[in-house]
Amino acid sequence: MSEVIVVTSGKGGVGKTTTTANVGTGLAASGKKVVLIDTDIGLRNLDVVMGLENRIVYNLVDVVEGNCRVKQALIRDKRYPGLYLLPSAQTRDKTAVNESQMRKLIDHLRDQFDYILLDCPAGIEQGFKNAIAGADRALVVTTPEVSAIRDADRIIGLLEANSFEKIDLIINRMRYDMVKRGDMMTVDDVVDILSIGLIGVVPDDENVVIATNQGEPLVGNHTLAGRAYYNICTRILGEEVPYLNLDHSISFWTKVTGIFHKSQEGRV
Amino acid sequence: MRLPGFLRRKSSREVAKDRLKILLISDRVNCSPEVMDMIKQDIAKVISRYMKIDTENMEIEISKSSARGRGNKNPSLYANIPILDLHKIN
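Going line by line, the protein sequences match chains A and B. Numbering-wise, the working numbering puts 218 at position 218 of the first sequence, and it's gapless, one number per residue. Every position in the second sequence, counted from 1, becomes a number in the working numbering once 1000 is added.
Because the hints were derived from the structure by calculation, they are not lab data. Please note: incorrect hints may appear among the correct ones.
As the list claims (entries may be wrong) - Derived lysine-lysine pairs resembling BS3-like cross-links, with alpha carbons at most 25 Å apart:
id, chain 1, residue 1, chain 2, residue 2
1, A, 33, A, 78
2, A, 180, B, 1021
3, A, 11, B, 1017
4, B, 1040, B, 1052
5, B, 1010, A, 180
6, A, 166, B, 1052
7, A, 104, A, 32
In isolation and in its complexed conformation, chain A is listed as follows (with noise of 0.2 Å):
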């Protein structure tokens, strides 16, 4: 049974897209057939964080607009058998396309795909609409400020009216040293706040700039976004995974000087 995931936050620039990449190549390295669909028209990056962006000759919205079948419009990832893209338009806006139509697009890949997942633009517009339109669940980001957990929370109550029963969220660049220094809400601060259930937390990791440099997803390798990626895949395939300890990987002096403190719980 496939199950369809709207990657979502309201606030722009928190990590929806890398989000979005990356739990669909770990999906998909999994075994599972996932296709990532760019709703972020006229603004589109899923393409480029993925490494795919020479290879789009068709968009959503010419799949939308009967320019094309949707199977030419699938650009399919070298990496992993069963891993897709459909490619966002980056000439039209928001308006090229609407609930119904993304609705029937996304009945359509049901058949073929175990997991179909729709980047979200940032905002609340038609985008939005278009995003959750089809979606099964939601992946709602945040990272731990005062803006981004704002939106989340506007973002949480919009699914809800929408009738969403699946909203888990992932708390993105938690950084675990200045969590120590009382300098940033802890995890658990943030899940107080929005009071919704935790699937991931991604620690602050310089390694995410690499790979969206190289088009290269990180899920699954040894750096630590990578590991919460691949345990985010996990726990979403059904598996509960235990948040792992990261007071050893922020560095050795923290380490040493964390004998004389009480230790802080970090996870991934």
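Given chain A, put chain B in place with the hints provided.
Positioned in the frame of chain A, the structure of chain B alone reads:
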């Protein structure tokens, strides 16, 4: 070592958490104070037709039944209206 509460400056984490909690209450209610005041005045007007009430001390608020603010989709309007005289009819 942590200083006792009155000597210690709030950490920015605590400031952020406190600000968010207050911010989200008004965000979730989705109702400006002006609108709340209009609702209050209108309720007072209607009730006043039937009994004498203490409009000065009446309170209204919109809250979600669930303590955590989620899980219950329907928020409710609570009104606390002190009655001065029940038999004001006619």
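Hints, verified against the model:
At most 25 Å may separate the alpha-carbon atoms for a hinted pair to count; residue 33(A) and residue 78(A) meet this at roughly 13 Å. Simply put, residue 180(A) and residue 1021(B) have alpha-carbon atoms about 21 Å apart, close enough for the 25 Å limit, and the pair holds. Among the hinted pairs, residue 11(A) with residue 1017(B) is consistent with the structure: their alpha-carbon atoms are about 18 Å apart, no more than 25 Å. Distance check on the hinted pair: residue 1040(B) and residue 1052(B) sit about 15 Å apart at the alpha-carbon level, within 25 Å; holds.
Taking the CA atoms of residue 1010(B) and residue 180(A), the gap is near 14 Å; set against the 25 Å cutoff, the hint holds. Distance check on the hinted pair: residue 166(A) and residue 1052(B) sit about 49 Å apart at the alpha-carbon level, beyond 25 Å; violated. For the hint pairing residue 104(A) with residue 32(A), the CA-to-CA distance comes to about 22 Å; that is within 25 Å, so the pair holds.
This entry does not satisfy hint 6, going by the numbered hints stated previously; all others are met.
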